[in-house]
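Asks: Sequence:
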Amino acid sequence: MPPNPPASFAPSGPCDPPDPFGPPPRNVADARALIGAIEARLAARGLVLRPPPPEPTACCGRGCSGCVWQGYYAALLGWRDAARNLLFVKTGD
0 MPPNPPASFA PSGPCDPPDP FGPPPRNVAD ARALIGAIEA RLAARGLVLR PPPPEPTACC
60 GRGCSGCVWQ GYYAALLGWR DAARNLLFVK TGD
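According to numbering that gives the first Met the number 0, the sequence shown is numbered sequentially starting from 0.
The set of hints was computed from the structure by calculation and includes no laboratory data.
Since the structure is predicted, the reported quantities are computational estimates derived from the model, not experimental observations.
Some hints could be false.
Label-pair distances were calculated between CB atoms; the ranges are [as the list claims (entries may be wrong)]:
1) 48 to 21: 14 to 22 Å
2) 43 to 64: 13 to 21 Å
3) 43 to 69: 17 to 25 Å
4) 57 to 88: 31 to 39 Å
5) 60 to 35: 33 to 41 Å
6) 62 to 42: 33 to 41 Å
7) 48 to 70: 33 to 41 Å
8) 41 to 63: 27 to 35 Å
9) 23 to 60: 32 to 40 Å
Here a beta-carbon is modelled for each residue, glycine too, at the ideal position from N, C-alpha and C.
Take these sequences, add in the hints, and give me the full structure.
Replies: Given below as structure tokens:
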């Protein structure tokens, strides 16, 4: 299990974002829900996309500038954009 992220990135409990393509995730629980929702949509349409970025394992928890969690969320948004392009451009939804 990775170390706990800084408090600003800590999971807040179960959360079901209404739209995985809406606002960016605010915490780990939101990120995991977003990934699950997108993977379900891709699977339902038989589409394949590279795996989402892995959660960081090297966070020191000191709230560093350029924290690994900031990089993770940036990479996750890039993955989400690729999924959106695949889902909505390829299927025309």
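Asks: Compare the structure with each hint and give your call.
Replies: Hints, one by one, checked against the model:
1. 48 to 21: 14 to 22 Å: holds, 19 Å
2. 43 to 64: 13 to 21 Å: violated, 40 Å
3. 43 to 69: 17 to 25 Å: violated, 31 Å
4. 57 to 88: 31 to 39 Å: holds, 35 Å
5. 60 to 35: 33 to 41 Å: violated, 26 Å
6. 62 to 42: 33 to 41 Å: Roughly 36 Å apart at Cβ, these two residues keep to the hinted range, so it holds.
7. 48 to 70: 33 to 41 Å: Because 20 Å falls outside the window, the suggested range is violated.
8. 41 to 63: 27 to 35 Å: holds, 33 Å
9. 23 to 60: 32 to 40 Å: 22 Å Cβ-Cβ, so the 32 to 40 Å window is violated.
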